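With the hints as extra help, turn the sequences into a complete structure.
There are 2 protein chains.
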Amino acid sequence: MLPQAAWRLDADPAIWPDEVLVAVERLNLDAASFRQLHEANGGSGSAIRTAVRQIVASRGKMQNPVTGSGGMLTGVVAEVGPDSPLGLSPGDRIATLVSLSLTPLVITDGLASWDGASEQVPCQGHAILFGRSIAAVLPDDLPVPLSLAVMDVCGAPALTHRVVADAASRLRRAPVVAILGAAGKSGSLSAAAARRAGAGRVIGVVPHEGEAAVLRAARSAGGGGLADAAVIADARDPIRVADVVGEAGGPADVTVVCVDVPGCEGGAILATAQGGTVIFFSMATSFTAAALGAEGVAADVTMLVGNGYTPGHAALALDLIRSEPGVRGIFDARIDEHATTAAEHAGSAGRRPDPVQARPGQG
Amino acid sequence: MLPQAAWRLDADPAIWPDEVLVAVERLNLDAASFRQLHEANGGSGSAIRTAVRQIVASRGKMQNPVTGSGGMLTGVVAEVGPDSPLGLSPGDRIATLVSLSLTPLVITDGLASWDGASEQVPCQGHAILFGRSIAAVLPDDLPVPLSLAVMDVCGAPALTHRVVADAASRLRRAPVVAILGAAGKSGSLSAAAARRAGAGRVIGVVPHEGEAAVLRAARSAGGGGLADAAVIADARDPIRVADVVGEAGGPADVTVVCVDVPGCEGGAILATAQGGTVIFFSMATSFTAAALGAEGVAADVTMLVGNGYTPGHAALALDLIRSEPGVRGIFDARIDEHATTAAEHAGSAGRRPDPVQARPGQG
Chain A
1 MLPQAAWRLD ADPAIWPDEV LVAVERLNLD AASFRQLHEA NGGSGSAIRT
51 AVRQIVASRG KMQNPVTGSG GMLTGVVAEV GPDSPLGLSP GDRIATLVSL
101 SLTPLVITDG LASWDGASEQ VPCQGHAILF GRSIAAVLPD DLPVPLSLAV
151 MDVCGAPALT HRVVADAASR LRRAPVVAIL GAAGKSGSLS AAAARRAGAG
201 RVIGVVPHEG EAAVLRAARS AGGGGLADAA VIADARDPIR VADVVGEAGG
251 PADVTVVCVD VPGCEGGAIL ATAQGGTVIF FSMATSFTAA ALGAEGVAAD
301 VTMLVGNGYT PGHAALALDL IRSEPGVRGI FDARIDEHAT TAAEHAGSAG
351 RRPDPVQARP GQG
Chain B
1 MLPQAAWRLD ADPAIWPDEV LVAVERLNLD AASFRQLHEA NGGSGSAIRT
51 AVRQIVASRG KMQNPVTGSG GMLTGVVAEV GPDSPLGLSP GDRIATLVSL
101 SLTPLVITDG LASWDGASEQ VPCQGHAILF GRSIAAVLPD DLPVPLSLAV
151 MDVCGAPALT HRVVADAASR LRRAPVVAIL GAAGKSGSLS AAAARRAGAG
201 RVIGVVPHEG EAAVLRAARS AGGGGLADAA VIADARDPIR VADVVGEAGG
251 PADVTVVCVD VPGCEGGAIL ATAQGGTVIF FSMATSFTAA ALGAEGVAAD
301 VTMLVGNGYT PGHAALALDL IRSEPGVRGI FDARIDEHAT TAAEHAGSAG
351 RRPDPVQARP GQG
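Chains A and B, in that order, give the protein sequences. Counting in our numbering, the first sequence runs from 1 upward without gaps. Counting in our numbering, the second sequence runs from 1 upward without gaps.
Source of the hints: derived by calculation from the structure; they are not laboratory data. Please read all numbers here as calculations on a predicted model, not as lab measurements. Hints are not guaranteed to be accurate.
To be verified - Ranges of calculated distance between the beta carbons of each label pair, as one might list FRET restraints:
#1 B/Ser323 x A/Asp12: 53 to 61 Å
#2 A/Glu39 x B/Gly224: 54 to 62 Å
#3 A/Glu39 x B/Val261: 29 to 37 Å
Unchecked claim - To give an idea of the interface, some chain B residues facing chain A are shown, with a C-beta separation under 7 Å as derived from the structure:
#4 Ile134
#5 Thr285
#6 Ala290
#7 Met303
To be verified - Covered stretches of chain A, going by a simulated chain B footprint (3 or more residues, C-beta under 8 Å):
#8 282 to 292
#9 308 to 316
Beta carbons: idealized from backbone N, C-alpha and C, even for Gly.
Next comes the structure, spelled out in structure tokens:
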């Protein structure tokens, strides 16, 4: 079977000719996985750390057994097999753009430098990249935690760009785009990508006034707002989502779901015009809820499984983070917030994980 | 929340002005749900019957709590609210084309006429159709069990037709189409729909020689085979699926998954050309396995959640069953097989459910 579907991977550091060995520096758990670990362990950092250690020890990879999802990692290339097609060299500092759920991994430091309070996990160990894999050399002009956070969600803006551009071409007008979770990382990048692809109106749906204020404050490179409207709804309330999107200029020709909680399928479907498209990026999406939900309300909508890979996805996302001040601000605030939260919740070691500016040598 | 996501529905027979009350005659459980019930109850017909009764009594709808899926029903329209947009009249014999998972339902006969051995369930009771719903009047020229079986899967050929036609237009050539589970009901209809939409080559993937023989024997309306190739692979074995599709003329521009078992995502992705499309119709599809699986092998494929609703879906599927002898043969054999299997496994009552020809008055 393929590595993602396997329960356990062989993480032996002896590589095959088309593989690459990476000395791991940091894991970046995906949001759905970290949320599940946080809730299942009552928010206890040490319990979360133990859980991650046990998962990797038993599975040979960091794949959350409940969510099925993983995340990504950064590290330094240690060895490159002679037949590797990835174009990497020993010493390159890279990020993997395939999921941790299919990346062989061994942890050697017991995660001693991680307090379990944020999804960014300082880690020593090794990982293997297969021949048919994706990795990107980290850019010199951006802090590592920022590049990591951007690359982790770079599939979303890339696919959003493609779908919105297709819709503009098909409809022969600038499409209306709704983004559920527009003040988050994948959501803000997707909003910027939608605008660049020709969206006529970008409607950001957020859960509360705090995020609405963040979104309203976010400026686009063009000088306007990142979103044309910031509307408040619980994404799990389909009637409410459809209503607020409708009032803000909807229904949407393209709806993008970037909210990592279960139960957002119905609202996304109802907020979308007949003949429109919904892109589900949340790993909390239920296949049956989407399929039966659309059928159940006679919705002729195209529903896409958000593929994390579109050619050029990392380059597009990094370009957006460089050129879009509103998106950059949202990322910087979220990364700072993690750092602060982690410091507040630190255990006896009082460890504060690297904030954005702490490792300029890697930036 | 929307009815599909609700745990329990209100199945009170007093209808709202835009609703329709239906006197139920038969439930048709979806394949994934019946398989789960069959396995969870060790194949015991009486235990399966009890389980279905309990689900409907506790939830007010027939939604399998494990698979999340339902099925459909037939019955006679009893009452039509003055504001119903469905165009139905009292006395019409209809099939619902929305899932049972969101249809309020009350069973009044304890399923006494069902032996639990097949997914076609004779049933007395009532159901409610909402305003935004889909129902089709059963055609006079086809047996009821056949129409039911066709309408139950009619979303698959309709969406396949649309996607293959789009691919032909985009690629400016006749696309290669692979159908996983091509000798089944949704698979054979999808194969016929793909051909009608302009497929250049239809590759049917089946699990064993018995189904390969069925598929090879199935003729298309054009006089050739329903599929151009019938190849054998376990759909859960990604490498094998990719190999056999490749050898038969692949990779596919469009791959259609009609196999109702978990774990078919990887094979479908690997069998599909870069830039191609996978349509997942199986309710056993895992959203995360699809999303992470494609990313994990750097597959630039568009992945669609198989929406059960496309405008005109019932009419297209009924037209295919009338005009395509190979598809009709596969349906007739499967319906007969259920009848035979049910008779063989009948309990003390020795009840034999209605075979295709048993209720000509409804045909």
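Now the hints, each set against the structure:
| no. | hint | in the structure |
| --- | --- | --- |
| 1 | B/Ser323 x A/Asp12: 53 to 61 Å | 57 Å, holds |
| 2 | A/Glu39 x B/Gly224: 54 to 62 Å | 56 Å, holds |
| 3 | A/Glu39 x B/Val261: 29 to 37 Å | 31 Å, holds |
| 4 | Ile134 | 5 Å, holds |
| 5 | Thr285 | 5 Å, holds |
| 6 | Ala290 | 5 Å, holds |
| 7 | Met303 | 4 Å, holds |
| 8 | 282 to 292 | holds (count 9) |
| 9 | 308 to 316 | holds (count 4) |
Comparing the model with each earlier hint shows no violations; every hint is respected.
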